[in-house]
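There are 2 protein chains.
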Amino acid sequence: MSGSIQEPVVEDCAFDVFARACPSRGTLEHVTGRWGGLALGALYEGSLRFNELRRRVDGVSEKMLSQTLQALERDGLVHREAQPVNPPRVDYELTDLGRKVAERLLALIHCVEGAMDEVLTARARYDETRGAR
Amino acid sequence: MSGSIQEPVVEDCAFDVFARACPSRGTLEHVTGRWGGLALGALYEGSLRFNELRRRVDGVSEKMLSQTLQALERDGLVHREAQPVNPPRVDYELTDLGRKVAERLLALIHCVEGAMDEVLTARARYDETRGAR
DNA sequence: CAGAATCCGACCCGATACTG
DNA sequence: CAGTATCGGGTCGGATTCTG
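Line order of the protein sequences matches chains R and G.
Quick note: the first sequence uses full-length UniProt numbering, first residue 1, plus one each step.
Quick note: the second sequence uses full-length UniProt numbering, first residue 1, plus one each step.
Honestly, I wouldn't trust all of these hints.
Put simply, identical chains are the same to the list, so a pair is met inside one copy or across any two.
Here are the simulated EDC-like pairs of lysine to aspartate or glutamate, each with C-alpha atoms no more than 20 Å apart in a straight line [claimed, not checked]:
| hint | residue 1 | residue 2 |
| --- | --- | --- |
| 1 | LYS100 | ASP127 |
| 2 | LYS63 | GLU81 |
| 3 | LYS100 | ASP117 |
| 4 | LYS63 | ASP117 |
Hints are computed from structural coordinates only; laboratory data are not their basis.
Quick caveat, the model's predicted, so the values are computed rather than measured.
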């Protein structure tokens, strides 16, 4: 044991999002990013092909969907299954890890959706009191 | 009453994030945005002053923190209490709604933090197979 | 201390065109 | 169908300066 002089204490929480340099921030941003969350949410209902996903996530461009899926696949949250047929067919589905994350994410999404009345009311009040600016 | 001609049917799911124009997307982005989530997470532990928050959320600039807090206050997730003293003292704390949202958010954050080993492994594998690219 | 205002570069992201 | 490549505007966001 070695009473080392003074444990610099890297902290036991090795992956603390609050720390600037932590890799978990990056993953969290993939998950909560503009399209990442919606993609995970859509895939939670089941496997989807590229364009099915594109239609489900209203407003996403091909480029962004592609980019988003690659990030999620790289992080091990989404599995990509490409069949070498013609026309090409590629299916996306959540991994076990992806499903766990998606559950938490959906809980958050539903919480926010369900609170929108309250949010809208709060906004109106805020804009009224200091909205005139 | 008033059989108005045809209810435009705003849909029963009045606030569906998957719909492009839904206001819940905006709020969700405030919550899950780069700094919004971290601010909510930090405030979950208790009321904080501006600069305390700034130190807790490592890497955020004054500008972004200020901007973030305003958005969250407007959405009714954060309460801002300014005391007219000198030097000025302003405390931020979660509202009831904010606390509910923060709970879901922290569940997600901890889930991601806890999965980072797995994520990092997945990344390494991904980069190896097609990383040469 | 708690911000507001301004400047300015980086990159996000959508539209378009092209490939297999 | 399932993407990639390229371009360009808009926004994000950091550094700095200023106020009360």
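Here is what the structure says about each hint:
With identical chains, the CA atoms of LYS100 and ASP127 are never at most 20 Å apart, being 38 Å at best within one copy and 23 Å at best between copies. Taking the closest pair of Cα atoms, LYS63 and GLU81 come within 20 Å of each other only inside a single copy of the chain (19 Å); across copies the shortest separation is 43 Å, beyond that limit. For the homomeric pair LYS100 and ASP117, the shortest alpha-carbon distance between copies (15 Å) is at most 20 Å, but the shortest distance inside one copy (28 Å) is not. Proximity of LYS63 to ASP117 under the C-alpha cut-off of 20 Å is found in neither arrangement, the shortest distances being 33 Å within a copy and 29 Å between copies.
Violation of the numbered hints given earlier is confined to hints 1, 4; the remaining hints are satisfied by the structure.
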